[in-house]
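Chains as they are written, first to last, in the working numbering: chain A, 33 to 338; chain B, 491 to 820.
Derived by calculation from the structure, the hints in this document are not laboratory data. Bear in mind that the values here come from a model prediction, so they are computed numbers and not experimental data. Even for Gly, the Cβ is constructed at its ideal location relative to N, Cα and C. Among the clues, some could well be false.
Unchecked claim - With a straight-line Cα cutoff of 30 Å, these simulated DSBU-like cross-link-like pairs (lysine-lysine) come out:
no., chain 1, residue 1, chain 2, residue 2
1, B, Lys693, A, Lys237
2, B, Lys517, A, Lys154
3, A, Lys237, A, Lys164
Said to hold, decoys possible - Computed spacing ranges between beta-carbons, pair by pair:
no., chain 1, residue 1, chain 2, residue 2, range
4, A, Thr47, B, Gln576, 46 to 54 Å
5, A, Thr157, B, Lys715, 42 to 50 Å
6, B, Gly509, A, Gly197, 50 to 58 Å
7, B, Thr683, A, Glu229, 30 to 38 Å
8, A, Tyr161, B, Glu569, 33 to 41 Å
9, A, Tyr43, B, Thr699, 50 to 58 Å
10, B, Gly767, A, Asp246, 22 to 30 Å
11, A, Asn156, B, Ser575, 50 to 58 Å
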Amino acid sequence: MSRFILRRVLYSLVTLFILSATIFVIVRLTGDPLALMAEASARPEDLDRIRHQWGLDRSWPVQYATFMQNAFKGELGKSFNYRLPVSELYFQRLPNSLTLGIAATLISLLIGVPAGIISAVKVNTWWDYVAKGVALLGLSIPGFWLGLVLILVFSVWLRWLPTSGAGDWRHVVMPALALGWYFAASMLRLTRSSMLEVLGSEYIKLARLKGLPDVVVIAMHAFKNALIPVFTLAGVNLVVMVNAAVIIEVIFAWPGIGRLLYEGIFQRDFPLVQGVVIMAGFMIVAINLVVDILYAFIDPRIRLTR
Amino acid sequence: MTRVAPLLEVSGLQTQFFGFGGTRVVKAVESVSFSLDEGETLGLVGESGSGKTTTCLSIVGLLPRGGRIVGGSVVFEGEDLTRKSQRELRRVRGRRIAVILQDPMASLNPLFTIFRQVAEPAFFHQQMRGRTLRARVQQLLQAVRIPSPEWRMRDYPHQMSGGMRQRIVGAIALAGGPRLVIADEPTTNLDVTIQAQYLDLLKDIQRQTGVALIFVTHNLGIVAKMCDRVAVMYAGRIVEQAPVRELFDTPRHPYTRALLGSVPKLGSKEPLYSIAGQPPNLASLPAGCPFHPRCPEVLARCATDEPKDVHAGDDSVARCWLVSDGVARS
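Using the sequences plus the hints, can you model the full thing?
Below is the structure:
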């Protein structure tokens with residue numbers, strides 16, 4: 033088990049290394065940040081001074097080496113725009129994003145998993161067709177469009193919910209719904225296919241042959257087995273929603289990490305974009321590790337090997 | 491001689507699979523009749539796709555999607571199971587009729603302990619709980635010769651060998667205290683020495699509990715070892731049914747003869763006999779006797795008229811024109 037975790041950690045480090053190099057190069061391809069940092073009338077020597085001050089006059093390899101050195105120490109650099117450490121900005125926004133992400137994950141699970149189970153148990157009946165239709169809608173309706181429709185209906189017409197910003201629970205409802213919708217559809221499809229596979233297995237046949245009630249066969253024998261891939265997806269989805277809910281956060285003016293990333297990109301704020309992407313990558317890697325360890329709790333075959 | 495009512499009486503059973511919105515009908519089981527007394531063992535033999543498994547699943551009313559019993563009856567302990575609802579059947583399955591499936595590696599749930607899986611029938615059917623249930627599971631595991639059951643029952647299936655898992659499946663079958671166990675090729679996926687052990691075990695259990703057994707197999711050696719009576723299936727029909735000795739000594743149906751002829755003999759220099767042609771497509775059977783295109787002794791009428799069951803000998807039934815003509819002549 034410890035060897036298994038060690039190997040996973042090693043893979044994770046390699047992944048993060050590749051990610052950091054990629055994002056480092058990509059942000060630098062978006063253009064010169066000086067053009068947005070300084071006024072148009074700035075003198076060339078002032079520009080050079082600023083460039084030197086932020087270390088942008090050095091070669092890319094040197095810049096990258098410095099960046100990595102600091103990253104290992106837990107410093108992700110200072111934002112050009114905010115003049116604050118990126119990590120500070122990130123952790124300032126994190127609670128908001130977590131709230132949104134967790135709410136959206138719950139919505140996606142509460143819609144996707146039961147619908148997926150019903151769809152699999154009643155396969156090729158109209159239940160199944162309705163669920164498949166919902167999944168198709170979920171995957172094809174863009175989140176921003178749904179967000180706008182929600183605002184129109186619940187804020188403008190019905191005046192039940194505030195259009196934007198963060199505050200109490202009423203602010204969370206619409207962005208979480210708009211964000212969770214797409215993921216509910218993918219959850220539904222995964223639950224359905226996973227359940228179908230398990231329901232066709234021999235041990236489910238034997239469970240039925242034992243004369244067990246359907247509820248026991250489906251809810252205990254089948255569902256527990258079908259849960260493993262669903263859990264993985266939910267974990268990864270959560271991280272994606274926390275870190276990359278860019279469009280939804282912008283539409284609902286939600287002060288989260290997605291909007292921070294959005295601002296960073298438009299301001300050519302290299303340290304900010306790098307920092308957010310690295311943090312997201314780190315979280316994805318970490319959640320995968322956690323999910324792997326969670327598997328071990330569900331599945332004795334993993335738990336008891338070595 | 492007066493006979494007590496048999497434990498199980500299947501008569502005229504017809505099971506079909508409907509596909510493509512009912513446009514394609516596969517007649518998997520066609521007028522199958524047989525009966526089984528308490529403590530008796532019936533062998534069900536035939537090639538793959540001859541309807542053995544479908545017959546068994548029809549008895550417990552648990553057909554795969556698209557399958558339906560369209561005719562006949564399955565009378566078990568005086569009740570027609572084909573007329574029962576799924577809810578009523580659930581109280582028969584696992585409790586009065588148990589089934590052992592083919593693949594020991596796949597038929598146990600990987601995420602539950604052996605205890606849990608063996609305990610389920612007793613838990614749901616006999617309402618056993620707590621210490622009584624534990625004792626019952628230990629006793630069942632002991633009966634199928636699992637060493638130190640009080641420890642092994644906490645294990646998970648992946649911690650056991652194939653032979654052990656199949657014995658666990660046997661324990662599950664016995665857990666509800668059934669009167670009939672249907673074993674669907676229970677030894678196909680075990681290696682030969684384990685096979686022999688498993689068969690001995692089943693025989694012992696049968697002696698101790700007096701349970702009746704339907705043994706599905708395509709291995710005639712196992713039939714000779716295990717069964718009292720044999721039914722040979724071909725294209726969803728029972729073409730011959732006889733006590734085991736009689737079937738081996740005087741096979742009456744050409745298909746039975748061909749089957750017996752295709753068993754390899756130790757030390758024989760002859761090339762192995764095989765039946766020409768392929769088993770028929772159950773969705774479009776030939777007219778007349780379904781075996782006639784492959785039959786080495788085919789008559790003209792075989793291609794047009796389907797033969798009926800003919801009683802021959804003491805307790806033997808065959809469905810062949812040769813037999814009925816022979817009986818008519820004598």
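To see whether the hints hold, each was checked on the structure:
1. Lys693/B with Lys237/A: OK: Lys693/B and Lys237/A at ~25 Å, within 30 Å.
2. Lys517/B with Lys154/A: With Cα atoms ~25 Å apart, Lys517/B and Lys154/A stay inside 30 Å; holds.
3. Lys237/A with Lys164/A: With Cα atoms ~25 Å apart, Lys237/A and Lys164/A stay inside 30 Å; holds.
4. Thr47/A with Gln576/B: 46 to 54 Å: Taking Cβ atoms as reference, Thr47/A and Gln576/B lie about 50 Å apart, which means the hint holds.
5. Thr157/A with Lys715/B: 42 to 50 Å: This hint holds: roughly 46 Å between Cβ atoms.
6. Gly509/B with Gly197/A: 50 to 58 Å: holds (57 Å)
7. Thr683/B with Glu229/A: 30 to 38 Å: holds (34 Å)
8. Tyr161/A with Glu569/B: 33 to 41 Å: holds (38 Å)
9. Tyr43/A with Thr699/B: 50 to 58 Å: holds (54 Å)
10. Gly767/B with Asp246/A: 22 to 30 Å: violated (43 Å)
11. Asn156/A with Ser575/B: 50 to 58 Å: For Asn156/A and Ser575/B the Cβ distance comes to about 22 Å; the hint is violated.
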